[in-house]
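With chain D fixed as given, assemble chain G onto it according to the hints.
Chains as they are written, first to last, in the working numbering: chain D, 1 to 536; chain G, 1 to 231.
The reader is advised that the hints may include incorrect statements.
To be verified - To give a feel for the contact side, a few chain G residues facing chain D, derived at Cβ under 8 Å: (1) Thr3; (2) Val112; (3) Thr117; (4) Ile120; (5) Pro124; (6) Glu142; (7) Pro165; (8) Trp170.
Hints in this document: simulated from the structure, not taken from any laboratory. Note that CB positions come from ideal geometry on N, CA and C, so glycine has one too.
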Amino acid sequence: MSERILHRFPGGLHPEQHKSESNGTPIRRAALPERLILPLRQHIGQAAKPVVAVGERVLRNQRLAQAEGYVSAPVHAPTSGMILAIEEHAVPHPSGLSAPCIVLQPDGLDEGMRAFEPWPDFCAVSPLLLRERVREAGIVGLGGAVFPSAVKLAGTPGTPIHTVVLNGAECEPYISCDDRLMRERADEVLRGGQILMHVVSAERCLVGVEDNKPEAIAALREAARLLGDARIEIVAVPTIYPSGGEKQLIHVMTGERISRETRTTERGFLGQNVGTAVAIYRAVVHGEPLTRRIVTVTGSGMAQPGNWDVPLGMLACDLIEQAGGYRPDVARLILGGPMMGFAMPSDEVPVTKAANCLLALASRDAPADPLPMPCIRCGKCAEACPVELQPQQLLWDARAGDFERAEKRDSLFECIECGICSAVCPSHIPLVQYFRYAKTEIWQRERDKDKASQAKVRFDVRNARIEREKREREAMLARKRAQLAAQKATAEPAPGEGEAAPVDDKQRAIREAMERARARKAAIQGQAEDPPVDKA
Amino acid sequence: MWTAILVFTVLALVLGALLGYAGQAFKVEGDPLADKIDALLPQTQCGQCGYPGCRPYAEAIAAGEADINRCPPGGETTIKALADLLGVEPKPLDAELGEEKPKTVAWIDEQVCIGCTLCIQACPVDAILGAPKLMHTVIRDECTGCELCVAPCPVDCIYMLPLKPELDQWRWPNPESRIEIAEDVSLVIASDPALGREAEGRGGKHAMVAPSEVLSGSPRPAGPRDDGSRA
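If we strip away everything but chain D, and leave its shape as in the complex, we get:
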């Protein structure tokens, strides 16, 4: 095989690696905690809908919640036990807000059931069925994006996929869950790649791994040799952050620059994280849904950094306790890596499908964010930006509240939030925070606008209806008047005497109803301990 010519994406950064803290020990299997908290939404898209009842006993691999809509994913039980509740619980999110979760109390028996029929000979199964299996098994992108994999496998209609890209770059500092996975389960990674090639009828499979993981590359090459599949190629890519970005990795390995507006599947590439490939392999060949994931527990604030095979729903605090706990000088807990992760307000949140790393930093490694200084327009952020944006210009837009310009002219939504601009800024401006803020602000304005146009439609329809009813009433009155006139012409009408009575009746009825309501309200308020919110 000829040596592949590698390419270089614009910008990038060489942050300190910090991989050796956690990648030296094998993956350990976490013991079952006292309870599992399974959020109904651990993926991009609509939340899953529970299909179990509180008090029900469930088995390992049993489906607890089903996908709702096309972009969604089901949730399965990681072990057997009792459903304690379906309620709001804090979830790993920068807001610290709660979301609906299924609370499962393991019974310790870990009694399993067969969720799906195993298909060891997956080549004999139709791609359509395999895609359905990926969907039913609740598999989402485990690299952190948690986009439902089945949707991605559907690709872009009319564009065949020629290359499956397995992403094992793992470019963020500290994280080593994919590294350990590739070392220990290289065969499963590649078999997952084979399944993916079969599903999308691709010709080749490129496995991209940063060259700071020589053991993983060696393990994969050995597995590929044993597998004897010439379509699979293991590519060692230079260690530059963010080579693990999907488009960046494709660029490095093939030289194909995929423009900002284009999706990778539109250009014939299907990117999947190596962990996702293993999950797909387990779902297809062993008939297992996604109920566990590998989590790196690391950082200078952790007593014993390492990688753990964790049941989904395990609380971060339980996992950290099993992993030896914090060091006394721990200052900050981050979900994800130091570049793209976010600080968590609490460690009492469950491990979800997105959780690749729990990073605890000691105070010496988590210095106070320096107070930002004015932008001096040095252009370092623009030089380092891997998607060739002008972060200093975007900062200007975001600060001025000129979101339209940020979106339309300065391509805000191309920002992959890699965090390089913030890292290189000599003025310590938290640029990526401004971009995250601007993005959510734009989404909010879009929601407001949608709501306004919806209100306008309803207002217009209502006005039209009132107008129509008025016309109809007038028409009816006119008809009646005409009838009366006609009657008058034929016979003398009887004097109307019952006219006053109904009005009186109505007034009295209203008065009585108001009396009753007042009495009821008084009674209710007398009972209630705290009355509802005061009228604003």
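This is chain G only, laid out in the frame that chain D set:
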């Protein structure tokens, strides 16, 4: 000289006729400016601006009769958008008309509701469901929070409740506001005589955590916003 006068008279007549024809032939239906303004208004139809709905207010702005700062539900965002559209300076919201409040939705206490339908008639967007002598309820997703249903209720059973924060509608905070918080915190440090003047104006929220950081850092000549970028 007479030729010149003649030529210009003829020219004026011909061009005038042309203009007159164009004015008739290419007449724009409706008021395009009012449409654009209307599109920027929040469509709550609440009437707080003093006009009977968003559209009449938009028309009044287009005609130059009303100011752009009369929409409390739209608040600063709307005023800014209107100012951009009309090419005028944004101004603060007219305080007489109300203030910008967090978004609310109406909620009917169904235990108390007598089913009088008065609120249904008041709701400009048909967001209240019910029938005479049967209790009414608000369709949460359709309610614009205009409060027009509150006053007509004879038994005062309608409450405006703040919207619960939802995960998928959560917004990242503006980093700018954090800097302001940081400045507040720095006052605490400045009050400590041991830290002296250098801490003044920079501190930072983490200065609370590790004041030594503040002292060990190199002195900085300017505050965070001295570049005037916020002006």
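Hint by hint, here is what the structure shows:
1. Taking 8 Å as the C-beta cut-off, the interface hint given for Thr3 of chain G is violated, the closest approach to chain D being about 55 Å.
2. Given the 8 Å rule on beta carbons, the hint for Val112 of chain G holds: about 5 Å separates it from the nearest Cβ of chain D.
3. Hint on Thr117 of chain G is violated. Least Cβ distance to chain D is approximately 11 Å, over the 8 Å limit.
4. Among the interface hints, the one on Ile120 of chain G is violated; its C-beta lies about 11 Å from the nearest C-beta in chain D, farther than the 8 Å criterion.
5. With a cut of 8 Å, the hint placing Pro124 of chain G at the interface with chain D holds, because the nearest CB-to-CB distance is about 5 Å.
6. At a threshold of 8 Å, the smallest CB-CB gap from Glu142 of chain G to chain D is about 6 Å, leaving the interface hint in force.
7. Hint status for Pro165 of chain G: holds, given a least beta-carbon distance of 6 Å to chain D, under 8 Å.
8. The beta carbon of Trp170 of chain G comes within 4 Å of a beta carbon in chain D, closer than 8 Å, and the hint placing it at the interface holds.
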